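Trainee: As a plain string of letters, each chain reads:
There are 4 protein chains.
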Amino acid sequence: MDKAGYPINLFEFEDAARRVLDKGDFDSVVGGATDELTIARTRQVFDSILLRPRRLVDVSHRDLSTTVLSSRVSFPVMLAPSGGHQLVHPDGEVATVRAAGSAGLLTVLSVGSTRPMEEVAAAAKGPLWFQQHILKDKAIQHDLAERAKEAGFCGLCLTVDSLGFGKRERDLRNSWRPIEGQGSSVINYSPYFGGPGLKAPSQLPELIDTSATWSDAADFVAQTTLPVVIKGILTAEDARLCVESGASGIVVSAHGGRNLDTTVTSIEVLGEVVDIVAGAAEVYMDGGVRRGTDVVKALALGARAVLIGRPIFWGLAVGGAGGLRATLEILRDEIDLTMALTGKSTIGSIDKSLLMVGSVPGVPISRV
Amino acid sequence: MDKAGYPINLFEFEDAARRVLDKGDFDSVVGGATDELTIARTRQVFDSILLRPRRLVDVSHRDLSTTVLSSRVSFPVMLAPSGGHQLVHPDGEVATVRAAGSAGLLTVLSVGSTRPMEEVAAAAKGPLWFQQHILKDKAIQHDLAERAKEAGFCGLCLTVDSLGFGKRERDLRNSWRPIEGQGSSVINYSPYFGGPGLKAPSQLPELIDTSATWSDAADFVAQTTLPVVIKGILTAEDARLCVESGASGIVVSAHGGRNLDTTVTSIEVLGEVVDIVAGAAEVYMDGGVRRGTDVVKALALGARAVLIGRPIFWGLAVGGAGGLRATLEILRDEIDLTMALTGKSTIGSIDKSLLMVGSVPGVPISRV
Amino acid sequence: MDKAGYPINLFEFEDAARRVLDKGDFDSVVGGATDELTIARTRQVFDSILLRPRRLVDVSHRDLSTTVLSSRVSFPVMLAPSGGHQLVHPDGEVATVRAAGSAGLLTVLSVGSTRPMEEVAAAAKGPLWFQQHILKDKAIQHDLAERAKEAGFCGLCLTVDSLGFGKRERDLRNSWRPIEGQGSSVINYSPYFGGPGLKAPSQLPELIDTSATWSDAADFVAQTTLPVVIKGILTAEDARLCVESGASGIVVSAHGGRNLDTTVTSIEVLGEVVDIVAGAAEVYMDGGVRRGTDVVKALALGARAVLIGRPIFWGLAVGGAGGLRATLEILRDEIDLTMALTGKSTIGSIDKSLLMVGSVPGVPISRV
Amino acid sequence: MDKAGYPINLFEFEDAARRVLDKGDFDSVVGGATDELTIARTRQVFDSILLRPRRLVDVSHRDLSTTVLSSRVSFPVMLAPSGGHQLVHPDGEVATVRAAGSAGLLTVLSVGSTRPMEEVAAAAKGPLWFQQHILKDKAIQHDLAERAKEAGFCGLCLTVDSLGFGKRERDLRNSWRPIEGQGSSVINYSPYFGGPGLKAPSQLPELIDTSATWSDAADFVAQTTLPVVIKGILTAEDARLCVESGASGIVVSAHGGRNLDTTVTSIEVLGEVVDIVAGAAEVYMDGGVRRGTDVVKALALGARAVLIGRPIFWGLAVGGAGGLRATLEILRDEIDLTMALTGKSTIGSIDKSLLMVGSVPGVPISRV
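Chains as they are written, first to last, in the working numbering: chain B, 17 to 384; chain L, 17 to 384; chain E, 17 to 384; chain A, 17 to 384.
There's no promise every hint is true.
Repeated chains share a single entry, so a pair holds when one copy, or any two copies, can fit it.
Taking lysine to any residue pairs in the SDA-like style, the calculated list, with each CA pair at most 20 Å apart, reads [claimed, not checked]: (1) Lys154 / Asp74; (2) Lys368 / Ala252; (3) Lys141 / Ala32; (4) Lys368 / Glu253; (5) Lys152 / Asp74; (6) Lys152 / Val75; (7) Lys154 / Val75; (8) Lys152 / Ser361; (9) Lys152 / Arg78; (10) Lys368 / Ala238.
Calculated directly from the structure, the hints in this document are not laboratory data.
These numbers were taken from a predicted model, which means no experiment stands behind them.
Can you build the whole structure from these sequences, using the hints too?
Mentor: Set out below in structure tokens:
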């Protein structure tokens with residue numbers, strides 16, 4: 017616990033959240049697909065990457081700010097799109113964007129938000145992107161994008177790795193399901209109920225277009241004036257297709273190990289994506305970021321910023337907007353300390369020379 | 017537990033079987049040779065192989081069916097030859113072939129079946145192969161093959177890695193031995209008792225020809241019109257000899273770690289076998305397959321299909337034909353989900369680009 | 017326990033210290049930054065380095081003595097600069113230098129000593145170096161160096177990896193802070209209190225110059241006639257800058273894993289530093305040295321000597337100067353035995369042929 | 017337990033010995049130097065080496081016999097020189113050689129035998145070698161060798177890796193010391209007490225010549241007509257010197273991890289020794305052999321035979337000569353089964369093709 021009574025690091029925030037949440041709800045947040053091996057591996061990979069600190073660099077003034085697309089953020093962390101924040105706190109996504117904005121950070125709001133996007137946007141203090149899927153009903157898909165633009169979102173995030181839930185065995189064992197209207201995620205779709213494409217909420221799981229291909233992604237980009245970030249990429253091949261589809265950014269992500277187990281982890285394929293993209297788009301990553309050193313390592317491998325997912329829920333569960341703000345401040349302080357102790361005074365000066373050759377699993381020695 | 021009260025994955029089926037079986041019987045099914053290191057390693061190797069999921073591929077219609085030799089199966093899993101199914105359920109192999117057939121799968125019936133091959137064949141709904149050894153008494157060996165053909169089996173499986181039991185220390189500690197007429201495996205040999213080659217059941221352990229060489233395998237192939245699959249191969253050298261002997265298929269197998277400990281595991285040598293065979297025979301594998309991701313990984317390394325052994329016993333022990341059917345459906349659903357989430361809509365499209373370079377132990381980086 | 021009632025190795029000294037110290041104090045000594053992964057890794061690296069013992073070499077007379085800069089020491093171990101020895105024993109650094117001197121060893125006295133440097137120097141029997149930081153107030157920095165020279169210190173040690181404390185979570189959880197005047201480290205700064213650069217002890221944490229660069233290090237060297245050793249180097253790049261700054265020695269160090277977690281460990285980058293320095297300065301290392309075999313391994317990788325930190329506190333806590341002396345004798349005896357059993361009768365004959373190719377993590381096979 | 021009430025493998029023999037022996041005595045047998053890491057690593061290395069079994073080789077007649085120098089043994093295992101067998105059984109080394117001889121094996125009798133070498137030789141049924149050190153008193157050294165030849169020993173074993181005990185911390189903690197006249201090892205030296213070179217038993221520890229060099233080894237070989245095997249080699253450099261000294265055989269050995277910790281293990285350097293010796297001497301190994309698969313792996317790496325040490329004590333402790341005989345039979349049966357299941361009918365046919373490329377730690381892929 018720190019002075020304000022909050023935990024002192026993100027792992028302890030997780031422990032604190034475990035204590036305040038129902039087991040079923042907690043498990044639904046932290047659980048992953050089948051054996052949860054990807055979740056474990058993600059931390060192992062981060063922990064095995066070794067920093068090479070430099071000495072006697074002037075670090076008396078450190079600037080952690082950077083930009084993601086056109087938005088300036090106070091440090092290179094974004095809040096990942098994740099549905100159902102009311103599951104862990106009644107203020108839901110309104111608390112989330114308030115905490116993020118007060119910390120100078122950008123939030124990617126999930127289409128599965130438990131508060132309407134317009135309400136969230138009105139409450140927000142910082143920049144927002146809106147996250148969507150490719151839908152069978154292109155009219156709904158397009159209308160969601162237009163509403164987001166209207167509401168003031170400055171970017172769209174197209175998730176391409178979720179065609180339905182993974183096999184989450186904790187939820188199966190707990191017989192867990194979101195409570196209607198609380199942890200549920202129908203609110204942003206509600207204007208379309210009864211319409212031609214979506215007769216009832218029960219049809220929602222069918223709405224995602226599992227036949228979508230890269231031409232649908234290109235169409236999605238072409239039909240909006242907002243920049244589009246494609247999320248869920250784990251291969252160089254798909255990263256190239258993102259660029260060809262007109263994406264402005266790419267989120268390297270294994271969906272937190274929640275959809276498919278034993279995939280490559282995002283941190284270990286980040287380098288291959290950065291290489292092939294070669295600056296044609298910004299590259300971000302999520303998956304397992306828990307320490308300031310993790311953020312700096314991802315940046316050293318070429319990420320422009322990282323996203324955090326589960327820690328949002330832990331912060332909200334422990335203390336609503338205040339708890340989440342404390343979580344974000346821990347990350348900021350740890351990034352700041354890591355920069356001071358590795359000889360980096362700006363985000364832009366963090367490069368691969370900061371990492372030990374050969375300490376990134378899956379990355380050939382020649383790369384780092 | 018799922019809706020029908022069955023476990024939700026194969027590991028939990030194993031736990032459930034442990035609870036319903038006598039310890040000696042359970043150990044006889046799951047145990048392996050000496051220190052059981054190969055059993056542990058098999059899972060470690062599967063878990064360490066990393067998938068590279070592709071995005072925005074049309075996976076709205078997924079076809080899991082394939083063929084093994086001339087038989088169409090609904091997904092690329094076969095039931096491995098394994099004796100003594102009555103040990104865990106009174107319906108024995110009759111339940112096995114009913115469950116397999118109703119799932120659209122092929123069963124390889126062990127010569128050590130506890131029900132006569134003719135009875136099993138009559139009860140079967142799906143394709144069957146019959147498994148044999150090279151015997152000292154070639155007349156018995158040949159007659160078994162002829163009976164199998166008569167009974168409607170469409171292929172023969174010649175096991176070449178079992179010249180007697182391994183040192184199974186669980187059985188030694190439990191003083192375990194199969195009960196006569198129940199877990200015993202004499203039934204398919206009973207017509208020959210009292211004949212010139214096999215005076216009494218007590219001579220059965222002596223019947224396997226430990227002096228057999230590859231010319232015996234070639235003779236076995238030559239003396240039947242059924243296609244022959246040779247099972248128990250762990251080296252490229254022997255795989256080549258299988259092809260030269262006329263085999264139509266090869267099962268890469270370490271016999272479930274039950275005969276010799278600390279051998280190479282089947283999944284890590286699968287690639288070297290596929291390479292040398294180069295399409296001249298179909299290549300299958302068994303050993304440690306417990307998840308849909310395991311099946312997809314084996315296919316990515318070049319297997320046409322995989323076989324499961326111990327899970328048959330767990331399914332039968334938990335619920336007879338119904339329990340085994342539930343086991344098979346879990347595997348099918350997991351394979352289907354893995355394909356959806358990796359961007360594969362057909363079995364034929366699964367290839368080595370789906371695996372991370374260097375993540376297969378024992379396989380040089382250049383192969384995968 | 018040995019005959020005198022002391023523990024028989026350094027790990028048992030740690031256990032004994034745990035029993036006699038308050039938890040907060042003990043944790044403050046042994047704890048490290050955040051997840052303490054670097055601390056664990058340091059031991060793993062030492063343990064994984066494999067010795068290649070030679071036989072039938074005349075080892076009847078073994079000479080463990082060597083020199084560090086101009087000082088002869090009885091074996092290649094130095095006492096690392098570490099503040100606050102009175103935290104664990106009332107005699108503090110006076111006990112430390114007496115034990116070190118009687119063992120024929122050199123002590124690097126921390127500026128954070130809890131006894132005045134002049135008193136410590138007067139009590140010492142062996143050679144001493146004085147450790148400092150680059151300060152904002154160059155007058156104080158220079159005066160400290162002059163006082164050290166006056167007091168008889170024969171070298172200066174410039175610590176460059178400490179710009180403030182790391183995030184030591186044990187201390188945060190224990191709400192631990194040094195008791196004023198006991199574990200505190202203000203004594204050597206007390207003459208400057210009330211002066212122009214340091215009005216009060218509360219300003220001390222602000223005194224370190226976080227804007228310092230390598231030209232400040234060069235100035236530090238230039239302004240003293242004593243040889244200067246720079247401590248806290250973990251990269252070849254910085255080692256080269258040490259040499260260019262005029263340093264006579266370099267301490268490869270990760271600060272005991274106390275400042276930043278998941279850095280490279282000193283033992284695994286020692287070789288790269290030795291290579292680039294190429295004899296232009298002496299190279300030492302600290303971090304995790306607990307066994308005589310560790311010392312010999314560091315020497316084989318090119319270190320002239322090693323430093324120990326935490327074991328000083330354990331020895332003092334267990335038995336003051338006597339306990340520390342016992343600690344040092346254990347190390348000496350273990351080094352002696354290692355030399356006898358690897359065929360080395362002199363320190364100078366220990367070279368990289370003593371290590372198995374490929375057994376040093378992070379060091380390419382071609383180096384060892 | 018097997019039918020005769022004996023344990024079913026060597027690990028269980030160790031457990032059984034633990035139960036019947038005093039803790040101090042048991043620890044003195046199984047313990048090693050300092051942290052006992054080499055002991056653990058030895059097993060890890062054996063377990064990680066993977067066998068490549070071949071199929072359809074005629075293994076109906078298996079011949080496990082081989083020769084070590086001129087002696088035929090029934091399988092490629094020797095009993096390692098080890099002092100003090102009366103510590104665990106009153107029959108001491110007399111029981112040892114009876115068990116070994118009845119199993120068709122060769123025993124290397126330690127100079128530290130607790131029964132006179134002449135008595136042991138008279139009781140023996142199988143071939144014997146006598147183990148010595150290079151002594152300061154060459155007359156005693158020479159007389160021991162002559163006595164051994166007179167008594168019928170057919171080879172000498174010169175141990176070169178023991179210049180005094182290692183730091184065995186179990187013994188220090190247990191304050192363990194051998195009981196005079198029981199576990200003590202003075203009996204073979206007793207004729208020399210009171211003579212010019214050895215006034216009293218208390219001088220025995222001083223008798224080993226720590227100044228010995230390879231010319232002393234060459235003298236040792238030159239002064240006997242018996243073949244000499246040099247024991248305790250862990251490097252190619254020393255193996256070459258063995259050959260140049262005239263040795264007929266070499267025992268690659270880390271002295272069971274009892275003298276120096278974190279050395280290379282014998283199994284992982286066996287290949288480099290075999291390569292450099294290139295047939296000029298026979299190469300044996302000891303260290304960690306517990307399974308028949310271990311023996312076969314050592315042979316595949318080029319060893320002519322292996323030696324076992326601690327298992328002798330376990331067998332004797334559990335059942336004297338009968339217990340040791342049971343231990344040896346387990347090894348023989350496991351070797352036999354390993355050969356049957358890997359397609360080897362003779363010892364001579366076991367070669368490196370039996371091992372997976374890259375599965376031997378420390379051995380470059382190109383070697384195996």
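Trainee: Indicate which option fits the pair Lys152, Val75 if close means a Cα-Cα distance not exceeding 20 Å: within, between, both or neither.
Mentor: between (52 Å within a copy, 13 Å between copies)
Trainee: Which holds for Lys152 with Arg78 at a C-alpha limit of 20 Å: within a copy, between copies, both or neither?
Mentor: Intra 47 Å, inter 18 Å, cutoff 20 Å: inter-copy only.
Trainee: State whether the alpha carbon distance between Lys152 and Ser361 is at most 20 Å within one copy, between copies, both, or neither.
Mentor: This pair counts as between: shortest inter-copy Cα distance 18 Å, intra-copy 47 Å.
Trainee: Please work out whether the CA atoms of Lys141 and Ala32 approach to 20 Å or closer within one copy, between two copies, in both situations, or in neither?
Mentor: Neither way: Lys141 and Ala32 sit 27 Å apart in one copy and 53 Å across, limit 20 Å.
Trainee: Using 20 Å as the alpha-carbon threshold, which applies to Lys368 and Ala238: within, between, both, or neither?
Mentor: Neither. Shortest intra-copy (34 Å) and inter-copy (34 Å) distances fail the 20 Å Cα cut-off.
Trainee: At most 20 Å between C-alpha atoms: does Lys154 with Val75 qualify within a copy, between copies, both, or neither?
Mentor: So Lys154 and Val75 pass the 20 Å test across copies only (18 Å; inside, 51 Å).
Trainee: Could you place Lys154 and Asp74 in one of the four classes (within, between, both, neither) given a Cα distance threshold of 20 Å?
Mentor: between (53 Å within a copy, 16 Å between copies)
Trainee: With 20 Å as the alpha-carbon cut-off, assign the pair Lys152 and Asp74 to within, between, both or neither.
Mentor: between (55 Å within a copy, 12 Å between copies)
Trainee: Is it within a copy, between copies, both, or neither that the alpha carbon of Lys368 lies no farther than 20 Å from that of Ala252?
Mentor: For Lys368 and Ala252, both the intra-copy (19 Å) and inter-copy (15 Å) Cα distances are at most 20 Å.
Trainee: Indicate which option fits the pair Lys368, Glu253 if close means a Cα-Cα distance not exceeding 20 Å: within, between, both or neither.
Mentor: Intra 22 Å, inter 14 Å, cutoff 20 Å: inter-copy only.
Violated hints, listed in ascending order, are 3, 10; each of the other numbered hints is respected by the structure.
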